[in-house]
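So the protein sequences, as listed, match chains A and B.
Counting in our numbering, the first sequence runs from 1 upward without gaps.
Counting in our numbering, the second sequence runs from 1 upward without gaps.
Hints are computed from structural coordinates only; laboratory data are not their basis.
This one's a predicted model, so the numbers in the text were calculated from it and none came from an experiment.
Beta carbons: idealized from backbone N, C-alpha and C, even for Gly.
Don't take every hint at face value.
[What the hints assert, rightly or not] Pulled a few chain A residues facing chain B out of the computed Cβ check, cut under 10 Å:
| hint | residue |
| --- | --- |
| 1 | Ser18 |
| 2 | Gln19 |
| 3 | Asp96 |
| 4 | Leu99 |
| 5 | Ala100 |
| 6 | Gly104 |
| 7 | Gln108 |
| 8 | Pro241 |
| 9 | Gly253 |
[Unchecked claim] Here are some, though not all, of the chain B residues that point toward chain A, as calculated from beta-carbon distances under 10 Å:
| hint | residue |
| --- | --- |
| 10 | Asp102 |
| 11 | Asp107 |
| 12 | Ala121 |
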Amino acid sequence: MADSARVYLRLVSAAIRSQLQYRTSFALDVVGMFFVTFLDFVAVLVIFHNVPRLGEFTVAEVAFLYALSSMAFALAEFGVGHLDALSEYVRTGSFDVMLARPRGTLFQVLGADFRVRRLGQLLQGAAVFVYAVSALDVPWNAARVGMVVLSVLCGAVIFSAIWVFVICIVFWAVEGREASSAFTYGGQFMTQFPIDVYSRWLRRFLAYLVPTAFVAYFPTLYVLDKEDPLGLPSFLRFSSPLVAVFAAIVAGGMWRFAVRHYRSAGG
Amino acid sequence: MIEVEHVEKRFVSWRKRGVLRRERREVSAVDDLTFAVERGTVCGYIGPNGAGKSTTVKMLTGILVPSAGRISVGGLEPSRQRIKLARRIGAMFGQRVQLWWDLPLIDSFELLRHIYRVPAARFRENLARFRELLELDPFLHTPVRQLSLGQRVRGELSAVMLHDPEILFLDEPTIGLDVVAKERVREFLLDVNRERDVTVLLTTHDLSDIERLCNRILMIDRGRLIYDGSVDDLLARYGGERTLVVDLEEPLPPLDVPGARVERVDGPRQWLRFRRDETSAAAVTAAVAQRANLVDLALDEPDIEEVVRRIYTSQPRES
Numbered sequence: 001m002a003d004s005a006r007v008y009l010r011l012v013s014a015a016i017r018s019q020l021q022y023r024t025s026f027a028l029d030v031v032g033m034f035f036v037t038f039l040d041f042v043a044v045l046v047i048f049h050n051v052p053r054l055g056e057f058t059v060a061e062v063a064f065l066y067a068l069s070s071m072a073f074a075l076a077e078f079g080v081g082h083l084d085a086l087s088e089y090v091r092t093g094s095f096d097v098m099l100a101r102p103r104g105t106l107f108q109v110l111g112a113d114f115r116v117r118r119l120g121q122l123l124q125g126a127a128v129f130v131y132a133v134s135a136l137d138v139p140w141n142a143a144r145v146g147m148v149v150l151s152v153l154c155g156a157v158i159f160s161a162i163w164v165f166v167i168c169i170v171f172w173a174v175e176g177r178e179a180s181s182a183f184t185y186g187g188q189f190m191t192q193f194p195i196d197v198y199s200r201w202l203r204r205f206l207a208y209l210v211p212t213a214f215v216a217y218f219p220t221l222y223v224l225d226k227e228d229p230l231g232l233p234s235f236l237r238f239s240s241p242l243v244a245v246f247a248a249i250v251a252g253g254m255w256r257f258a259v260r261h262y263r264s265a266g267g
Numbered sequence: 001m002i003e004v005e006h007v008e009k010r011f012v013s014w015r016k017r018g019v020l021r022r023e024r025r026e027v028s029a030v031d032d033l034t035f036a037v038e039r040g041t042v043c044g045y046i047g048p049n050g051a052g053k054s055t056t057v058k059m060l061t062g063i064l065v066p067s068a069g070r071i072s073v074g075g076l077e078p079s080r081q082r083i084k085l086a087r088r089i090g091a092m093f094g095q096r097v098q099l100w101w102d103l104p105l106i107d108s109f110e111l112l113r114h115i116y117r118v119p120a121a122r123f124r125e126n127l128a129r130f131r132e133l134l135e136l137d138p139f140l141h142t143p144v145r146q147l148s149l150g151q152r153v154r155g156e157l158s159a160v161m162l163h164d165p166e167i168l169f170l171d172e173p174t175i176g177l178d179v180v181a182k183e184r185v186r187e188f189l190l191d192v193n194r195e196r197d198v199t200v201l202l203t204t205h206d207l208s209d210i211e212r213l214c215n216r217i218l219m220i221d222r223g224r225l226i227y228d229g230s231v232d233d234l235l236a237r238y239g240g241e242r243t244l245v246v247d248l249e250e251p252l253p254p255l256d257v258p259g260a261r262v263e264r265v266d267g268p269r270q271w272l273r274f275r276r277d278e279t280s281a282a283a284v285t286a287a288v289a290q291r292a293n294l295v296d297l298a299l300d301e302p303d304i305e306e307v308v309r310r311i312y313t314s315q316p317r318e319s
């Protein structure tokens, strides 16, 4: 495990050194990241200032929810965003090279490249978080701080798991990337708004089928000490670690199943 | 070292039949393949394009799972023990670059050292040896994308040997290289085979690769093994006829050279065919030089495609 972590860091550092070979492009990447992040932040502020309430939530509360989800997603993208290149690897045969090496394939794909650009969303999420916290009057204590950290981490695991699960389509249809990225980015957009603005069936879909609700909704209820407008049992507020573990196991299983399919179907 | 028993690999392909209807078809890439390769053998795995060579190599390295049959490589079952096996084999897949494209060559070696968990002392020893054998020093710190093809192949060869594999799978290791570079690659392979008793399975279209390197030939066509035996036997039976093309100072009637017959005359140029087991290119050249003033010459070797065609046409075909 520790050895794998070291190799992963080496792979990532190799990827960053590779990008530094093209200094202008790298600099543009970083500048573009800050620019887009800033615009995104402004867009979010504009929305929050024009909508007085969403469901049972005030604007600042929604911003809090958005910030948790956004940071979790950014962290997930930080780790597994490079899965987008999987179809490329399968198509060009680089995936075969990875299979011929004595390491796990998911691990190698994740380490194969790294985009500094992904820092942007993390910064943006943090900015919204600061805005939300300053607008709210949260009675901070160790448990609430812990809940914020835990929910961002668990959220990152849940998003990563969904990402891995969905990208496995690639092994059946090499050009499947578009379909799966519509799914993951769409999923994130939905968790950024409270569940009760959605219709009943969609609510069920979100809370049960896609466990992204655990990323931000339940932790927000806890930290802000709010009644659940949906009246769901309160233990759900602490369930995100379990959901994260479950999601990771399911995604890992799916990945193994998909790779086995690839290996017996041929690339 | 390598055992293959009744191995089959079928792929499913879908053919369009109208807008929504598609027809399922099974295509056999490898069909009832059986062979074994002893430790320390340099084995040429040859056949025309699309014969099933790379499918076989992918099954032997654990990248693909066979549809039927049993494979054992170094006592392991590749598809089930992929990671364990990967530590003990080295694989070079033709055009696919395994080195880090934008980084200096030495960085790729360092990364592979960690991926394969090569002990630092062993790594230094191996690297020193390969730097000498393949003369890597002039470009060791050059980004891989700036290397010439020959330099890159030398880099790739070192990369697959760093973790002391017992078996090497090489796909067209000399393709596209000039004569000097080809020779250097061959020398290297012979060296590691001698020094470390490495078993090598290589695919190639180059008959001189086979002559220089291999002591065993497996030939496949359309997924079936059509020849298994020694190189000498193969060349004597199917690839024996070589052609020496000579340019003379002036047009002459067909030359009379022992062991060779003139196949074609075009002005001062003549084509002399001779059998490998009867005479040598040197003897024929000397005989020509005695009889006429030689300006230029070239030796045509039959290529694999031709040898395969001859074997194929000489075999009773199953219907």
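Here is what the structure says about each hint:
The beta carbon of Ser18 (chain A) is positioned within 10 Å of a beta carbon in chain B (closest approach about 4 Å), and the interface hint is therefore held. Hint status for Gln19 (chain A): holds, given a least beta-carbon distance of 8 Å to chain B, under 10 Å. At a threshold of 10 Å, the smallest CB-CB gap from Asp96 (chain A) to chain B is about 5 Å, leaving the interface hint in force. With its C-beta approaching chain B no nearer than about 4 Å, Leu99 (chain A) sits inside the 10 Å limit, and its interface hint holds.
At its closest, the beta carbon of Ala100 (chain A) sits 5 Å from a beta carbon of chain B; the interface hint therefore holds under the 10 Å criterion. For Gly104 (chain A), the shortest C-beta to C-beta distance to chain B is roughly 8 Å, which falls under 10 Å, so the interface hint holds. The criterion of a C-beta within 10 Å of any C-beta in chain B is met by Gln108 (chain A), whose closest approach is roughly 8 Å, and the hint holds. At its closest, the beta carbon of Pro241 (chain A) sits 30 Å from a beta carbon of chain B; the interface hint therefore is violated under the 10 Å criterion.
At a threshold of 10 Å, the smallest CB-CB gap from Gly253 (chain A) to chain B is about 17 Å, leaving the interface hint violated. Because the closest C-beta pair between Asp102 (chain B) and chain A is about 4 Å apart, less than 10 Å, the hint holds. Checking Asp107 (chain B) against chain A: minimum C-beta separation of about 7 Å stays under 10 Å; hint holds. Here the hint on Ala121 (chain B) is broken, as its CB sits about 18 Å from the closest CB of chain A, past 10 Å.
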